[in-house]
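Turn these sequences into a full structure, and let the hints steer you where they fit.
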Amino acid sequence: MGNGYAGKILKIDLSRKDEISTDPLDMKFAKKFLGGKGFGAKLLYDLLPPKTDPYSPKNPIMYVTGPLTGTLAPCIRYCLVTKSPLTNTFNDTYAGGDFGQELKYAGYDVVIISGKAKKPVYLQIFDDDIQIKDAQHLWGLNTYEIYDVLKSEVNEKTAKVSCIGPAGENLVKFALVDCDLHRQAGRGGAGAVMGSKNLKAVVVRGTNGISVADYDRLEKEVQKISHDMGITDKFFAPKLQAGGTPAIVDFSNEEAVLPYKNFQDQTSDIAENLNDKGQRKSFWLREYGCFACPLHCSKIGMIKKGPYKGTVCDTVEYENVGLLGTNCAVGNVDALAYSQNLCDRLGLDAITTGNIVGFTMECFEKGIITKKDLGGLDLSFGNWKNMMELINMIAYRKGIGNILAEGVMRAAKKIGKGTENFAIHIKGLESPAWAPRGTPGVGLALMTADRGGCHQRSNPVGLEVFGLAWPGGYPTERVSIKGKPDLVIWEQHHYAALYSLLMCEIFSHAGITNESYASLFSAVTGWDATYSSLLSEYGERIWNITRMFNWREGFQREHDTVPPRFKEPLPSGPAKGHKFTDEDINKMLDEYYSKRGWDEQGKPTKEKLIELGLDSMASD
Amino acid sequence: MKVKIFFFSPLRQILGLKETDIELPEGATVANLFEELSTRFGEPVKKYIFDGMTGRPRGYLLYQVGKKNQSTSYKIDTKLKDGEKLAIMSPPMGG
Ligand code: SF4
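Chains as they are written, first to last, in my numbering: chain A, 1 to 620; chain B, 1 to 95.
For the record, the hints were derived by calculation from the structure and aren't laboratory data. All of these numbers come straight from a predicted model, not from anything done at the bench. For every residue, glycine included, the Cβ atom is placed at its ideal position computed from N, Cα and C. Among the clues, some could well be false.
What the hints assert, rightly or not - Some chain A residues flagged as far from chain B (calculated, every beta-carbon gap over 10 angstroms):
#1 Thr22
#2 Lys32
#3 Lys118
#4 Lys133
#5 Ser152
#6 Asn198
#7 Asn208
#8 Asp269
#9 Glu365
#10 Lys413
#11 Arg478
#12 Ile481
#13 Ser516
#14 Ser536
#15 Arg565
As the list claims (entries may be wrong) - Pair ranges (Cβ atoms, derived):
#16 A/Asp620 with B/Lys85: 54 to 64 angstroms
#17 A/Ser211 with B/Lys85: 37 to 47 angstroms
#18 A/Lys151 with B/Gly27: 51 to 61 angstroms
#19 A/Leu181 with B/Lys85: 29 to 39 angstroms
#20 A/Lys281 with B/Lys85: 14 to 24 angstroms
#21 B/Gly27 with A/Asp528: 55 to 65 angstroms
#22 B/Met53 with A/Asp269: 39 to 49 angstroms
#23 B/Lys4 with A/Tyr288: 28 to 38 angstroms
#24 A/Arg217 with B/Thr39: 41 to 51 angstroms
#25 B/Thr39 with A/Pro564: 39 to 49 angstroms
#26 A/Glu272 with B/Glu26: 28 to 38 angstroms
Rendered as structure tokens:
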């Protein structure tokens, strides 16, 4: 076993109870693909035949850790990798908490689950005692209810649980996987893939250690990180720690990148109620954090008044403020907190849910969907009470919820009447709360993200707004397309490499340097690395694998675009009037493809794949 | 009156400075402070704290320091107090 890795891949075929096996982790593979996203990308590419139905038993759901997971390295997450039923693209989705660490302590770098159980089951992984257990009594429970039941059933209080809610069971295409109660692997419908396998939960307990190449160096690096963050001076980047992700709202609203009313505008006067101050005043009680996180950006709270009084809830994360809040014109912070909590319990990705509720509200505003279609609900923008009803209808596929459960792209197609013009998605993944008119780099990042409209592959908004240079790069002008392909390419490599190490991107804004990630990696594995070598060696390679996966599924240039709404001029804010033109989109794509060594359609060339050591893909 | 400013990313790196004291006339506002910082440190600071397209000062960059729950309770016309400690930093961009 190599340093930093547990050394085993666990393989489970749910169709055949006796098909549980382990493969040793090939260290050449590890050295070439790092972990996390890199492992997931290569494994999924190799395992899944092109055009396989995401709900086919052949589509694996993989729990993937990385070399830093479970070590002293702070704030390391894990990911789930599968083919997305929402987009049909490669899908990697991340969660913090401590499930990933426990899995690694149980002895596994990766768990690959394929097949389909005949009846609902859950998987119990206690070191090398692996059991597929009956879960019929758990089917129907929401993600909160299942924890206590499962923990007492396995008689292990310290076990960690990852599970789906009713939305996953009902194959809602954007169902999430809940992890350790307060963390969600949200995007792209990994929960629906679990549901398609009749897999309700995975419960894990591990008692092994992880060997580290140079413990002293690791310890020193962790101390340095604490120092860099200012923790050692008792003076810390106060906003992030005190405010968590809702601290971004003021920036986002003032710079007009925060969606309002289904992205009709990008700024509003209701956002101020929903930021960190608004949340703190209304319901926050105490802080908490993921495994080995000195930052503790999350908060636990309880709604103190109104119809949802007494509901224990988490921070409403920035994305959910933007989608369930301003995008639906919901300015009531208690209702917003409840709506996020409802999505978490039902097992719905709150980003997509907020997007699709906003879409339905606009359909209602335009008279395309009526009260009759909604089972009597008035779904005007801002009607949070009825929003909760609609969220339930989606999770249980009731009434119009059955159409909306397919995601905004398919729903708009089905509803017709011009609704496709305001269905806000890219490749079927609903846009995040970073509305891109006025920041063309964000637009390019969304267009080219490997799992559809996602900000976690590149989100250059800060660098664009402030005109700052990226590491080794140069400054750009906010609304200009000049330089944006270079900026997005750098950032996509940054995320591809660091998501392979499973960094938490919230923590990465807290003062930790990029070089620290390379140093942590070297200390743990004993392999030399610098930040720039991580990007050039791993970032680009991994980005090209996911592009090849999507290419094989039929995605090409025509899919690298923005929704029609972003081609309308922005009504207000500092970048008022800005829009995406076809000319600008094409110019950015031409430059982006050519700098990447891809052809005009956006396919990586043979030469590029060979240069990246991906020879086996070069003939695909 | 005097206020103390702590710089965080990216100004800390750009200016090579962690903190500084700024003298301001009695009754000065956040906007006055931003102007003073721009005069003192020039273009890089000006570009960062004022929007280049509209000239709008970016009030959200300024945070209170030393309180348990530090936050931006400042508007651009908020009056500053003598001895106040403030931080200027970029908002987090994760989600
Ligand atoms: S910064 Fe927040 S999300 Fe990231 S590891 Fe820490 S507590 Fe978890």
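Broken hints, by number: 11 and 22
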